[in-house]
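Residue numbers (the numbering used here), protein chains in the order written: chain E, 19 to 536; chain X, 90 to 629; chain S, -14 to 299; chain B, 3 to 273.
Since the hints were made in silico from the structure, they are not lab data.
A portion of the hints provided could be inaccurate.
Unchecked claim - Quick list of the computed label-pair ranges, beta carbon to beta carbon:
1) X:A172 / S:L291: 29 to 35 Å
2) X:A169 / S:R194: 25 to 31 Å
3) B:T102 / S:M(-14): 29 to 35 Å
4) S:P71 / B:R99: 39 to 45 Å
5) X:H154 / B:R231: 54 to 60 Å
6) E:R308 / S:G145: 55 to 61 Å
7) B:T102 / X:S134: 39 to 45 Å
8) B:R99 / S:Q55: 32 to 38 Å
9) B:R231 / E:K316: 40 to 46 Å
10) S:L291 / B:T102: 34 to 40 Å
11) X:S159 / S:M(-14): 41 to 47 Å
Where is the CB? At the ideal position from N, CA and C, for every residue including glycine.
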Amino acid sequence: MKHLHGATLIAVLLTGATATAAFAATRIVVALPADIRSSMPGTNRDDNTDSVILNVVEGLVGYGEGGDVKPLLARSVETSADGLTYTFRLRSDVRFHNGDKLSSADVLWSWNRYMDPKTEWRCLAEFDGRNDLKVLKVEAPDASTVVMRINRRSALFLDTLARTDCGMTGILSKASVKADGTWDRPIGTGPFEFSDWKRGRGITLSRFAGYKSPEGSKPDGYVGLKTPGVDVVQLQVIPDPATVKLGMASKSVDIAQLLSSDVVEVKNDPALVTSAESDSSKHALLFQTRDPLMADAKFRRAVAAALDYKQLVDVASDGLSKPNNSAVFERSVYADATQRKGFKTDLTQAKALLKESSYRGQTIKLIANKRSPMPSFQVALVTQAMLQAIGIKVEIEVLEWATQLDRYNAGNYQMMSFSYSGRLDPALSYEQFTGDKARQARKVWDNPEAIALIETARTVSDKAERQKIFDRLHEMALADVPLINLYNGLTVWSRGKRVGGFSPWEGKLRLWTARVGA
Amino acid sequence: MQKNDTSSLLQVSGLTLALADGKALVHGISFDIAPGEMIGIVGESGSGKTLAARSLIGLAPPAVHRTAGSIVFDGQEVTALSAGALRKLRGSRIGMVFQEPMTSLNPSMAIGRQLDEGLALHTTLSPAQRRARILEMLERVRIQDPAAALSAYPHRFSGGMRQRIMLASAMLLRPSLLIADEPTTALDAVVQREVMDLMVELTRDHGTAVLMISHDLPMVARYTDRMVVMHHGRIVESNRTAALVSAPREDYTRKLLAAMPTRGPVREIPQAAPILEVDGLVLDFPAGGGLLSKRPPKRALKGIDLRIAPGEVVALVGGSGSGKTTLGRAIAGLLQPSGGRILFEGKGIARRSEGWARYRAQCQMVFQDPASSLDPRMTVGASIGEALTGMPGLTPAARRGRILEVLQEVSLPAEVASRYPHELSGGQRQRVAIARAVVRRPAFIVADEPVSALDVTVRAQILELFAQLQSRHGFSCLFISHDLAVVEQIADRVIVMRHGEIVEQGPRDEVFDRPHHDYTRELLAAAPRMGGLVHDAMTP
Amino acid sequence: MLRFVVRRLLAAAPTLFISGAAVFFLIRLIPGDPAALLLGDQADAASLADLHRRLGLDQGLPTQFSLWFQRMLHGDLGQSIRTGEPVLSLVIDHFVVSARIVFVAVALAAAIAVPAGMLAAWRQNGKLDIGLVSAATVLLSIPSFWLGLMLLYLFGLELGWLPVIGYVDFSEDPVAALTYMVLPVATLVLHETGILIRMARASTLEVLRLDYITYARSKGLSEGAVLWRHAFRNAFGPTWTLIGLVLGNLLGGIAVVETVFTIPGLGRLLVDSIFGRDYPVIQGCLLFVAFVYVLINLVVDLLYPLFDPRVAEA
Amino acid sequence: MKLRKMNAAIGGTILGAIALAAGIGLFWTPFDPVTLGYAKRLAAPDAVHWLGTDEFGRDVLSRLMTAAATSARISVLTVATAVLLGTLVGVLSGYLRGWTDRVLMAFNDALLAFPGILLALGFLAVAGANEYGIVVALGIAYAPSVARIVRGTVMSLREMDYIAASRLMGNSEFFIVWRHVLPNCVAPLVVLATSMFGWALLAESALSFLGLGVPPPAPTWGNMLAGSRPFIAKAVWLAIFPGACISLTLLGINLLGDALRDRLDPRMRNT
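For reference, chain E alone in the conformation it holds in the complex (with noise of 0.2 Å):
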């Protein structure tokens, strides 16, 4: 698997030469923090190895940049009246990178490899039932129709399809197994071609000559205009974020992911373009509301308007990002004016609360990390100054990574400055820290009108309906305070001047929209 496919390296060159009139071909180089895991797309991966292998693959379906849902190989998603059945109508011009053309018995077998378990797919328990949603019967009744019967009614079905971590659910031509079974590299429709892999070094992706991007003047999120600029992508690991840094510098490194603490550093260089770009991650203080202190709302409500929550956005982000008290990503389509709505800072009431609340001077633990880069320490850095300004004793429990990740799933802690991962749709989002305490530790709002108003976000699928839902959601969450949201996660990104139009779309890399001297 070390060795380059001689065929794919010539059939670039010649196509790059003959498509653009034989400039030589353009190549940028980025860095990744870490080695992909595997090129199968939805297995053994994390989020760095989703972000290189969905310049490959596609999905029928895929995200738009506010996270709603959009057709992508599938030019049509039609849903029955019961919301059981779904049919997709692929698009005709769809050509796979060894050049056969997309068909559904594409889908099909992608689709039954997907569930086979020997795959080990990420979202199986998604789709067999054993999270309430099954997919029943997945039939091709003919060359360019999918239809999918699933057991119940789900607004996050597609949704669950276009998933990140699930790979898209993106479709594979036959030929990426070799005839053994055994798999061998991803052969899908994405603008990019996976060309080679050297272990712990890097991966090199080429230009798809034949692809054809779907409908949209510019990109939308995983829709959109996705014509990729660029010959060959060299992406190079590099685990060390100050040689990454030194990599820019030099100029031997076109893209790369930075630090927010760099960023001061970096912004005014004059041969570097720094950009912050927020995604969907959630940054917040949570409470563990079994432990008797915790479990006293005003307690909560005087942490929640004890805190500055501009300054200490602005500490633990370097400035680059503004409060978000919402579950609600700030992109999202539901981020409407009720969202918006967040905790009022006021000193004076705060110490009011404190007073009323239960809290005797004891001395509070509070969780955090120092894993780069999240923020978690910063902010617990801060929180605890502030608290103190209003008589709180906070003490800060530094843990490493996986222990802190032990007692976030027991819930053994009294207050955690936590990090939760993206997830687009808002009720994925509330699922996320809403749930019933005795089935799972991790849950930190353990309310039954909003666990109920969750369960009906997922199966109502009219944006109307739900966005009632989630502002309704919202205020309970800033009158109960079982956590305090601070601001969505960002990911901070530099490249050289030679390189235009590079944009990533939540902290992922989208390398079909950069272009070689903008």
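Fit chains X, S and B to the known structure of chain E by using the hints.
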């Protein structure tokens, strides 16, 4: 055998050696050696004899400087020589033999090369000639299979063999002067005799003068023409050996001679039931070896039978490796015998048996090395006091009184009780060890080479003290020693051991005057005893 | 000779087994679940169960251990939980990186320190001795990672002579790889020289005190011959054993220097796999380090008779 | 002899100065070492902040002074733990010999091949991220080397005649160990403890480097040095001063250690 011509080989006059801070160690000593003459310097440890000898060829430790005096060797003033010239002298004209055979040969270099080094440096012989000369010399010093010895490493040879190799190395270059610094102190009596005879033979053949340094007066007296007695860095007296021994002029010399052990009076030991009986005692040492190789155990004691009557001093003698120490420790209860019986006052002494408690109270031991017999971290009083723990009905005041009383018995001042072992001399430390042994009035004491680590005069005092205590308290004693002269003075009965067996046993006079076993005769012959002082060594 | 090697390996087997078992159980007892780490904060119960089964973490600890032990005997140390790569090749690749730097550094340090230590012992309390010992003490006192950081700052950032951070493998570009090695090797050399000078000096002092040095002098040999032929060989024995010890320790643990210079060495791999609870890799690393430790001591003992023939017959 | 007096003098003055600074640090520091001062972040050393400020705007000098006490406390506790455990194991295996010795030494060697970080992580996770976790972890990491040395001393002591004499007086083995063996282990242990103090200081810094040391709010030289690494290009003084403190302390300890070893170990007296 006095050389007639007056031109002496070496003249040392007014030699003074001092440390950097001016403290003098050797004060203006003068003596001279005629070619071929054998002269001995005798003195106790700390008398400066070794220092003086080593400074003759500039081998004194760097901290010691010659502040006065001259050393004329074969007409040349040695002290004026350049380092290079002095080095030319060493090895070729002046050879040296050292005391400790175990560390005086380079462990990581074959014998052949070590012998060849001096030859190659000082002669123009070809390698083949040198090899022949070395082989011939090795034969002279009776090393079996000299050719194989050339490529062997020092650790394959016994102490005696190594000392012979040292001798060969020094004599290879036919030096005109050989300095022998305590050449045989570390050896067994029998081996000692062999090496000394060899040295005399070799030096006489090559007409080499010998400067012998030793603290063993009888041995020096037997072999040397003239003797020099040193004390605290000064020469007390120097004279022809026979004259010095028979008519010593200075008090210190007289004191030295008087310290020589002489045969003690015959004592009547009342016949009584034996206090200690040993029947068929066998003891094996596990041969070690890892998990895999199980070598057969080494048998140290092969069936010992002996009796000790109350108040009797029984001596246990034999060469090193004869098993006398092992027997002593087994009897004291420190080693677990593999077979046979030890009875004390008729009862067994095994750890859990009822005789054990009484035996622990009634049997004590005195050890050889004063440095390791007392706990450095405890004061003298505490060490002696420890023996009294477990004595019924002893108030602290009575205990203190008892300690002071026993210190007085071993003629040590009371204030010693609060001092630490490292502040005392070897003799004083041994007195404390004896005090600790007798303070509980035991009925039986095992003394394992109690005096062999001490200087001549101190040894005499300790032996005398021991005899006094024995007669006053009447304890019986098993006295282990390799020094027949000491045994002759102190023992009522003598047991001779060899390779883990008793070869001869009987009253002291019987064994000394009419030895039955060949080994006993060999031992007696080897041990230079002042008793019948005669220059038998000099008449071949 | 072979018998000696086999006997040594057998003697080391229990220690290796105990450390292997101890590591196996300790890392499973400390909190932190590799499957949860893989799935992040949104691990739903079902997919967590799938992953546990796939990684074999659902069986009882004893069964897991016997499974791992049998496979280990056949040289299969399992796959890394994080990347799926076979552990053995992963560990060896990283070991080669660390070993290259450590061996060069210790060799250089020994080449400088041992002669210096011996000269210092020979000229005891002379100006040379005091100078060398004081220098050694200063070098010894500077923590290697701070030394590395300062060298990095001086030569990398300020003067820019040497590449600051990153790592190029020999296979790709030998010359560049060499420049990347200069600073880490220099850091280790300075630190280890301090330690080795003091060791060499102490063992030489021991030897100079023995009789056979005076015997050699009594043969009229020059001081140089005495030092070279007699003192050096005998003093080098104990120093050689200590060099083995230093080598063994360094191979297992220069994680900190590797962090400063971002070298993908064994130490770094161990630390990252501990943070990621990558059980097979942790066990693979520790077993490998323990084995290397035994191997080095074995080599040291095999070469020891060169300096002290008495040992040869043991 | 001259060398020994010089060592003791220099070592003494260095440690004295640092101890003084640490002592003062307990009560007073020029600025509050913990509160964040957003205004003056990463300020270079100047008249106000003699040693500059760190990435949170906190005064480096004040943090160094308070850190001195923490680092010293951790090192002392670590050495105490290691010596306690090591002596126990060393005496048992050195005195009893036979199978006990073989088993204990097998475990001991297994522990020697154990990297300190894994132990530290194990205890930090169990005992929570605090000083005690580190002290116990490092203590156990260093116990095996103490055990090795104590075992060697005890094995040689065991052959001494005064031990045999005490046994002949009917004293129990336990009494002998308590009265004779342990007191004589004190000298070598004291010499070892001084060098181990240096190791512990180093190990705590190394652990902080790997993100495992004492939790950040409480400053130690180790975590200050570790924290300074990302800012080395812009604020190198953040790395220089903690490193210098560690090196000076180690230098002082080593010099004092040498002087002490010469005095306690008679054989080395003439160097």
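>> Given a hint of 41 to 47 Å, does the C-beta separation of S159 (chain X) and M(-14) (chain S) actually sit inside it?
In response: Between S159 (chain X) and M(-14) (chain S), where Cβ atoms are some 58 Å apart, the hint is violated.
>> Quick check on a hinted range of 25 to 31 Å for A169 (chain X) and R194 (chain S), using CB atoms only.
In response: Given a distance of about 30 Å, which is inside 25 to 31 Å, the answer is holds.
> H154 (chain X) and R231 (chain B), beta-carbon distance inside 54 to 60 Å?
Replying inline: holds, 57 Å
> Quick one: are R308 (chain E) and G145 (chain S) within 55 to 61 Å, going by C-beta?
Replying inline: With a Cβ separation near 57 Å, R308 (chain E) and G145 (chain S) satisfy 55 to 61 Å, so the hint holds.
> Could one say that the CB atoms of A172 (chain X) and L291 (chain S) fall in the range 29 to 35 Å?
Replying inline: holds, 32 Å
> Range hint 39 to 45 Å: satisfied by the CB atoms of T102 (chain B) and S134 (chain X)?
Replying inline: Taking Cβ atoms as reference, T102 (chain B) and S134 (chain X) lie about 42 Å apart, which means the hint holds.
> At the C-beta level, are R99 (chain B) and Q55 (chain S) separated by a distance inside 32 to 38 Å?
Replying inline: 35 Å Cβ-Cβ, so the 32 to 38 Å window holds.
>> Verify the CB-CB distance for R231 (chain B) and K316 (chain E) against the hinted window 40 to 46 Å.
In response: holds, 43 Å
>> Holds or violated: the 34 to 40 Å window for the beta-carbon distance between L291 (chain S) and T102 (chain B)?
In response: Since L291 (chain S) and T102 (chain B) have Cβ atoms about 35 Å apart, the given range 34 to 40 Å holds.
> Given a hinted range of 29 to 35 Å, is it respected by the beta-carbon distance of T102 (chain B) and M(-14) (chain S)?
Replying inline: Given about 32 Å between the Cβ atoms, the range holds.
>> Quick check on a hinted range of 39 to 45 Å for P71 (chain S) and R99 (chain B), using CB atoms only.
In response: holds, 44 Å
Going through the hint list in order, the structure does not satisfy hint 11, though it satisfies all others.
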